[in-house]
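What follows is each chain in one-letter form.
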Amino acid sequence: MSHVYELRMYSANPGKLDAIVARFRDHANPILPRHNMKCIASWTTQDNNKNMFIYIVEHESREAAAKNWDAFRADTDWKHAKAASEVDGPLIAVAEHYFMDPTAFSAIK
Amino acid sequence: MKASHLLSFLCGALAVLGLGMVGQSKAESPKHVYELRVYHANPGKLQALITRFGTGTDKIFRSHNINSIGYWVPTDNPQNLFIYVVEHPNKAEADKNWEAFNADPAWTKLKSETETSGALTDHVDRTFMDPTDFSRLK
Chain A
1 MSHVYELRMY
11 SANPGKLDAI
21 VARFRDHANP
31 ILPRHNMKCI
41 ASWTTQDNNK
51 NMFIYIVEHE
61 SREAAAKNWD
71 AFRADTDWKH
81 AKAASEVDGP
91 LIAVAEHYFM
101 DPTAFSAIK
Chain B
110 MKASHLLSFL
120 CGALAVLGLG
130 MVGQSKAESP
140 KHVYELRVYH
150 ANPGKLQALI
160 TRFGTGTDKI
170 FRSHNINSIG
180 YWVPTDNPQN
190 LFIYVVEHPN
200 KAEADKNWEA
210 FNADPAWTKL
220 KSETETSGAL
230 TDHVDRTFMD
240 PTDFSRLK
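Just so you know, the sequences run in chain order A and B.
1 is the number of the first residue of the first sequence in the working numbering; add one for each residue after it.
110 is the number of the first residue of the second sequence in the working numbering; add one for each residue after it.
These are calculated hints, taken from the structure and not from any lab test.
All C-beta atoms in this analysis are idealised placements derived from N, C-alpha and C, irrespective of residue type, glycine included.
Listed next, the stretches of chain A that the computed footprint assigns to chain B, with coverage defined by at least 3 CB atoms under 8 Å from CB atoms of chain B:
#, stretch
1, 3–14
2, 19–30
3, 39–46
4, 93–104
Using the sequences plus the hints, can you model the full thing?
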């Protein structure tokens, strides 16, 4: 059965992109697998005007995705990391996301 | 003495081999440039767009070194989107790849055949991206 993929796009607050990447590398990325999420790739945009961090997460199903994120947000390690990283204000200005089903011919399924 | 000489030789050989392998693995897996493309399909044209990718476009992409890593359709899709990510060796190659693709007779033929009753796509949002150091795909 196909997995559900989630494309997440974070527009950084001014000057905060590196902090978003570092927080993801040091905290979110290792915590995701605990809650049944797998990050298949992460990127930063080449166009500096976009100032975005983009990644794709794989979930077992759409129902599992909601549970996975609830568990992630309740994770004590994540809560600490988030609070510590935002003492000077939030890092993310706008977060967009799409749940997506792979097509039959998609290399990643 | 002989044994220790042999040991130091082996350590040296392993170190050289190790360094060689590090160099090699770097050469074999350079960072690529990725392109996120979000297609806003015209009303009623999403399925035709998906079919065109599955039966023709993706194959033509590959002949121009545009390597797709995934094609998706949003689960809830009020905007009628089709989303995919392709990989290029670098940005300069990406520009060349797209030029070659757009000029390919196989593509222009497929495009005109599938658009006799209008364009399938209203517009495309393109974003070039560099993988992070910790990304699985690089």
